[in-house]
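**Student:** Residues per chain, in single letters:
There are 2 protein chains.
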Amino acid sequence: MTYCVGMRLDKGLVFMADTRTSAGVDNFAVTRKMFSFEVPGERSIVIMTAGNLATTQAMISLLEERSKTTEERDPSILRQSTMFQVARLVGDTLNEVIVNSSPNGQGAADQFRASVILGGQIGTGKPTIFLIYPEGNFIEITDDTPFFQIGETKYGKPILVRTYDREMSFEDAVKLLLVSFDSTVKSNLSVGLPFDLMIYERDSLNPMRLTRIDATDSVYQAISNGWGDALKDAFLQLPSYTLKD
Amino acid sequence: MTYCVGMRLDKGLVFMADTRTSAGVDNFAVTRKMFSFEVPGERSIVIMTAGNLATTQAMISLLEERSKTTEERDPSILRQSTMFQVARLVGDTLNEVIVNSSPNGQGAADQFRASVILGGQIGTGKPTIFLIYPEGNFIEITDDTPFFQIGETKYGKPILVRTYDREMSFEDAVKLLLVSFDSTVKSNLSVGLPFDLMIYERDSLNPMRLTRIDATDSVYQAISNGWGDALKDAFLQLPSYTLKD
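Residue numbers (my numbering), protein chains in the order written: chain A, 1475 to 1719; chain B, 1475 to 1719.
Derived by calculation from the structure, the hints in this document are not laboratory data.
Fair warning: there could be bad hints in the mix.
[What the hints assert, rightly or not] As a list, the in silico DSS-like pairs of lysine-lysine whose alpha-carbon atoms are at most 25 Å apart:
id	chain 1	residue 1	chain 2	residue 2
1	A	Lys1660	B	Lys1660
2	B	Lys1706	B	Lys1660
3	B	Lys1706	A	Lys1485
4	A	Lys1600	A	Lys1485
5	B	Lys1706	A	Lys1706
6	A	Lys1660	A	Lys1706
7	B	Lys1485	A	Lys1706
8	A	Lys1660	B	Lys1706
9	A	Lys1718	B	Lys1485
10	B	Lys1718	A	Lys1485
11	B	Lys1600	B	Lys1485
12	A	Lys1706	B	Lys1660
Owing to the predicted nature of the structure, the values given are computational and were not obtained by experimental measurement.
Make a model of the complete structure from these sequences and hints.
**Tutor:** So this is what it looks like as structure tokens:
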């Protein structure tokens, strides 16, 4: 499994991904699931992947390879004019890999499935995030749905739903994501540290820097250890349920 | 889907179940999933069910019918001498219904699957809870695993893990379950109000009374509305993540 979240704030975009891949509990490894494509001053794009690792690695390799070709009309992620066009390109590439992996047709494709969160900004377009399905189609983030999750989405969702605020700072957004990821890690062995983080400041069009947060990070430890106590305090604030006799 | 939790405290046992059954989002109804079997002063037993409704209703009907027969050696839930024996009986009955529903054998049984939480106390035995699988086998609660969930278990689990305390009062346990159920209801349409509640006081061997908590319950409303604010306060208590430049 995997856990990735892409979130849109007024200030920009925040992305977090875990790094555990596993084929059974006796075979797991640390693998990066977050990738960036950029042209400083022009575009800044992040891709996060969940699903079959052979599929997602092949998709990323194809996207990288094609971004280095020199032809005019090549399908390069670095030359699409809008984020919508990038989403179509990524969706087509993802679907192409899945179909190629399953010569027996769509029915056999299940085990090669993967999904993608794509986010970023190009030129004067708005910063945005897409959730791309294995079939290659996709949905875009809206004010009503201000974040997308892929992988093991359930354990970490309630805190996102209750605490997300579009006006929050990047620092608070990272704190929120760490709580959500920590709840997931505590409940699903196939999601694991370290976490990869990228932050994109609206309209900056700067390359994003990947920050890796590991288990020894003191703030992560304080959040992980403190959340239980904080939750208990929150719980005490609520009115008690009185049992009727 | 469904959401049921059975929890053991030092003071006794607490059970909560939602009441929504659905066959697609366009066909849903309120159905009780919590049933009790008792002989005052001798035994007090609760069963909660998740899964195929035809299976669970048939299982409950068989258990009730057999508890009313007068033979000496009949498989009645009211005449087993220990909770372990009751768990075997319920497991066998559950598996019997599933196998009878699937004439084509085990492979076809998937759609008729159901699982059960069984809890209670008989005589001088300890109060305990079992989680019973569709195959008829089961596991028993321990101090390390002090609660069982069936159905849509993921959204409501983190708060249970972080806040459960074996010494908590029944009132606090019900409050905790309401928070867990509220998080689940907010994330999965197939779990819905009203909630059914039963509380068993250790060594009382009294019949349990079913309390139904519906959406108009003022304490539930205060908990549901207050939890978001309480979570935000908890979130503010945590240290901020400082972004490195």
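**Student:** Taking the hints in turn, state whether each one holds.
**Tutor:** To see whether the hints hold, each was checked on the structure:
Using a Cα cut-off of 25 Å, the hinted pair A:Lys1660 and B:Lys1660 holds, with the two alpha carbons roughly 21 Å apart. Between the alpha carbons of B:Lys1706 and B:Lys1660 the distance comes to roughly 17 Å, so the proposed pair stays at or under 25 Å and holds. At roughly 20 Å between alpha-carbon atoms, B:Lys1706 and A:Lys1485 fall within 25 Å of each other, so this suggested pair holds. Among the hinted pairs, A:Lys1600 with A:Lys1485 is consistent with the structure: their alpha-carbon atoms are about 12 Å apart, no more than 25 Å.
A C-alpha spacing of about 13 Å is found between B:Lys1706 and A:Lys1706, which places the hinted pair at or below 25 Å, so the restraint holds. Pair hint A:Lys1660 plus A:Lys1706 holds up; C-alpha atoms about 17 Å apart against a cutoff of 25 Å. The straight-line distance between the Cα atoms of B:Lys1485 and A:Lys1706 is roughly 20 Å, inside the 25 Å bound, and the hint therefore holds. As the CA atoms of A:Lys1660 and B:Lys1706 are separated by approximately 21 Å, the hinted pair is consistent with the 25 Å bound.
As the CA atoms of A:Lys1718 and B:Lys1485 are separated by approximately 17 Å, the hinted pair is consistent with the 25 Å bound. Only pairs whose Cα atoms come within 25 Å are accepted, and B:Lys1718 paired with A:Lys1485 is accepted, the gap being roughly 17 Å. Between B:Lys1600 and B:Lys1485 the CA atoms are separated by roughly 12 Å; this keeps the pair inside 25 Å, and the hint holds. Restraint check: the Cα-Cα separation between A:Lys1706 and B:Lys1660 comes to about 21 Å, which is no more than 25 Å; the hinted pair holds.
In this structure, none of the earlier numbered hints is contradicted; all agree with it.
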